[in-house]
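Engineer: Chains as they are written, first to last, in the working numbering: chain H, 213 to 341; chain Y, -10 to 338.
None of these hints come from the bench; they were simulated from the model.
Cβ pair distances, simulated, as ranges:
1) H/His310 x Y/Ala200: 49 to 59 Å
2) Y/Asp21 x H/Gln309: 16 to 26 Å
3) H/Arg276 x Y/Pro219: 47 to 57 Å
4) Y/Asp21 x H/Pro222: 52 to 62 Å
5) H/Ser299 x Y/Pro157: 55 to 65 Å
6) Y/Asp29 x H/Thr327: 21 to 31 Å
7) H/Asp281 x Y/Arg211: 31 to 41 Å
8) H/Ala331 x Y/Pro32: 30 to 40 Å
We put the CB at the ideal spot given by N, CA and C, even for glycine.
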Amino acid sequence: MPAIDAGPTPAQLHALVARVDHLRSELEKFERYARACRAAASKLSAATGGLSPGAIDVGGMSSRAPRVDRARASAEAVRGTVDSVRSRVDGMVGDLQHVAVAYDRKAHDARIDLTAATAQLAAARAGGG
Amino acid sequence: MASGLMVIAVDELSTADQQLRAQARRLEGAADDLVVSTGDLPPEAQSIVAGLPGLRNRVESAARQLRTAADTFGTVAAEAVLADGGGLFGTAFGGLLMKTLTGLKGDVIPPGGYGPFGPVPWIAGRFTLVAGAADTIFSHRYGYPWADGTHWRVYGTGPYLSPKWRGPVEWAGKVGKYGGLGITLASTFSQRLNRGESVPQAAGGAGVETASMWACATAGARVANALPIPNPFVKGGAILIGGAGAGAACSTPGRWLGDRASAIPGRVVDGAKIVGNDVKNTTLDGVKILGRDVKDPIVRGATTVGNDVKDTAVDGVNKVGSGLSTAGGFVKKNVLDKIPTPDIHISLP
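Model the full structure from these sequences, guided by the hints.
Structural biologist: Here you go:
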């Protein structure tokens, strides 16, 4: 006499529902992180537009006087500072974009897992119902 | 003082003045944009942007440095124009006129651009100036306060006050008397910080610069006090003008002396800063590389562990540095930078 398939137990159904909820929450978190990283990278990238060391050019001046020379040296020193800061900010933008891509991948994987878990849950409910 | 041929191209300097000011404004705008809300970011991204406050401070400092250079170009150009029109007398008079006009803005005319404290620091500076001047003139005219029975007379004349007011009035007089010196010192200190000097440099330079100006102001007041002027009010005014004039005349040499004094701790501090930066960068790089070495070879399931190790270490180091930098920047920006321009209070011998 064949065994009767009684379908998933309530505990199994509960576990499947919990897994779907967890995956959905993870997916939302990963997507939110990726969006935030992209927004921050975009903001910093826009800020680097104002950090152009080449625009500070006092090297070609013909005026020669101690005070002028000191002021010129001071302005030229600013170029190095701006260049250094810009480089650091560019590095941050790159790092943020990498983090955003990593969370995109995590979101992609979570989406696949969520699809599978949702289908599994639907099948279980159909079997139990 | 360097000697030799001086070449002053007025148009070129004026153009550079304008261009550097425009660049300073751009840098200030960029500094304002170097802010990211970290609330929505994942932990590893928060550690990436933890250094932003420090970078922002560096950009703001660079903008101030550009403005100082622009000021120099503009002043040299203006002095050259005046000197060209008036020869040696024009040079001296022009320089004095320029300094006077520059000093007027901020001393008499509200400088604007108030910070979170509003115009209060500027008004406090004017109060000490007026109180100091009044103290100088009235104490010369009427002598020092005295008590008589149940009443006390301000400088022997004027309104009668109950003795209970004597303490507060004398306290206000002291504020006027010594506040000017304190404000001069603090303001000079703040200006030197704005020019990019370190705290020890700025402290040494400000001390020497203020002492020089103060010595000149006292000497000027003594000379005026020795003049045979019969009218006591006029004499009080002459003492005030003599002190203020001598103090102002010594501002440039005093600044020069202060610059020499500030260079001494500067060399030590720069050396320490270089060593400190090397240590900090090496540590941060080491932690970062270690974090990556741990993270890269392992599969996705273990990445979280590596990230946590790396982020916690880097975040901790960055947050300490960032916290100190932000606190220092806040104090400098909201307290020291808001102190008004120097007052010269005349202290009678």
